[in-house]
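One line per chain: the protein sequences are F and U, in this order.
One point on numbering: in this note's numbering, the residue at position 53 of the first sequence is 53, and numbering is uninterrupted.
Just add 1000 to wherever you are in the second sequence, counting from 1, and you've got this note's numbering.
What the hints contain is simulated information worked out from the structure, not anything from laboratory work.
As the structure is a prediction and not an experimental result, all values here were calculated from the model.
Even glycine gets a Cβ: it sits at the ideal position worked out from N, Cα and C.
Don't take every hint at face value.
What the hints assert, rightly or not - Below, a sample of chain U positions facing chain F; criterion: calculated Cβ distance under 7 Å: (1) A1028; (2) L1029; (3) D1054; (4) T1073; (5) L1133; (6) A1499; (7) Q1518.
To be verified - To spell it out: a stretch of chain F is covered by chain U in this simulated footprint if at least three of its residues, at any positions, have a beta carbon under 8 Å from a beta carbon of chain U; those stretches are: (8) 9–19; (9) 48–58; (10) 71–78; (11) 111–122.
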Amino acid sequence: MTPRTRQPGLTLVEVVISTAILALLGMILARIYVASQSAYSTGTGRVALQQRARQTMQRLTPRLIQAVPATDTQDAIYTPDDLLPMTSKVAYTIPAEPFDPRSPTYHEKWILFEQSTGLVTTNADTPGEADLVLARNIHWLGLEVLSPNSVKITVVVQAPLRDVGGNTRDQEYRVQTTVMIPYYATR
Amino acid sequence: MKRPGRRRGTVLLLAIFFLVILNFLALALLDLLPLELRAAGRNRLETAAFLAADSGVLHALAFIEDRVSRGETPLPDDATSYVLRGETGDWNWEATLTADPQTPPRGTGTIRVYEIHSLASLDGVAYRAVRALARQETFARYAWFEDQRRSDLVITTSNYHIDGPFHSNSRIRILVPPGFYDQNLTPTFESEVTTVESHDTPDGVAYQGTPPYDSQGNPLPERYRKIFRGGRESLRTGARRIELPTDSGALARAAQGQSSVTPSTRGVHLGQDASSEGLSGGLTVVGDVDSMVLAVEEGGNRSVTIKQGHSTTKVVEVTDTAITDPDGNPVLRGSTILYKPDGTFTVHSGLTNGLIYGTGNIRDLQGVNKGKRTVAVDMAANKEIVLGGSLTRADTPVGQTPEGGRDSLGLVAYNVRIPTSVAQTVNPPTDIYAAILAGTKGSEGGFYVDSWETRTPGRIRLYGGLMMGYKPAWASVDSVEGTVLNGVTVDSTYDPNLASSPPPHFPTIGKFRVLRYQEEAPSVD
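Given the sequences, and given the hints that come with them, work out the whole structure.
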């Protein structure tokens, strides 16, 4: 029988090993913490990016659904002739104010995207007034008239975001929708 | 004695500590998920809300169109406002129809306008609203309309060119001259063709000559496109019947305005306000008219000169430039002067509503029209308008297609006739800029050419539309060659502005057109 002795202190080896293990664990935790921090900020950045794309879409849709053709032989929405490279543009007609339903007049509206500035603009509802900026910082806006009653909108936004590896590079978010012009459903 | 394993507690503490930290990290990441979900969910909700509100508008339109087509007033009891409710899935919509100030019973307008406000809600919460404005369509939307066609008349592909909507409550027969399909002519029908009845043929149309289908009745697209621009698809038989009015009582009331007494003495009467000297209607002409000339005065003001026997009445509307009356007093813009046959005159504030209504025949109508105007006669009493010469517009050079609806003219009569003094030659033709409605439901009223069998070939160039109760013969045509031997041909150029901006109080059809459509923030009122 081994005689019961007082519990001895930790050996140097034990202390070294346990410190090393603790340090390792701490380092791993720190890594996880940093990685999740960056994942979080990347995530919120992505959400903000998506939000920007969706907001742009939400600003365009209510405008386009107002399109009503000036006469039966014209379309409510169309691609204008004066289209320049690296831009997209769609034109449509809306009732002009003051509006007399028995003798209506219509006003031509347009929505223009220029890639050089990243701006989405539209002309004012009242002729002569300044153009309005609908969205900024847009990478690409596609405005494609598919048929007289529908237009396909593609919004592409970009922002520099950190990826999993911790490198910062441009990330892209794209939303696409087809807006049906309600006027045609009533014909 | 000390308890063994005391150190194990430290391990547990450490483990809990690390677990808590890891948990926090995981939770932080999870936090992002609902953000995305919420955004996507809101998107979906908004789309669904819009669709629900939109279905309210569609339902409201279908509701009034259905009632009008059954001969009822658009809203039950001809109310000024009416609410419809319905469901689309989990969504509820509430569509409120409101008559505009000129629509009966609020006004005397014949072309009705309703505002539709549709509100979509889910579980009692309003999400989206849509506001639309719908106006009744008029007969002016057609390039060509015929109620009936009794004799074996033909529409020949070389003499007719109809570049707008065509409708027949009857059926049609088309003459196809030999070699027609080999030629490169403009298609006879540029737009939709609808007929209520049909011939017992593969497509419901009787062809005199080679039909555009093969012996088995299969359509030959190449041939169809030579007759109809849109091909076989633009021809539809079995369409809904569209009835012409039976009388012009609504126009008489609109011309009378708020005047409480119906004009009965022979002569020209202005529709006046019930209380003041101001105008609220148009002109009512009691008795036959020997001549009516529409003109533009110096300064751009519009006028009409009406002769009845030895009496001449002139009405000048100061639309553009202020003038002085015969006494030297200034007459401001927006006033109307009535020069009476006895040499006196009266000045009234306001302009007419553009309606000239005659209780008798108008035996000679011609001139230049400015502003929107409708000249109508009592259709129920079989009254007619005889064209005495060209009818042009101030806003359009003769021979050109109108670019807007500012000076559009409508003619409404039981018969509209072309006398032998008009359209005597093919070149130059007689120009008529008007939407012409001639004839009542099921009657023989229509657009007539006097002595068509014997007169030398002449031509009417019509910019507008021709709506007829009865389509009589106008010309005799060589049935093989398609060339005109006698009579008058009508070259029509459709004016789409007449559909979107019709002449005032022009007779209406059961359809409504949406003039304005917008989404708005919901407001529960």
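If you check each hint against the structure, which ones fail?
-> Violated hints (numbers, rising): 4, 8 and 11; every other hint is consistent with the structure.
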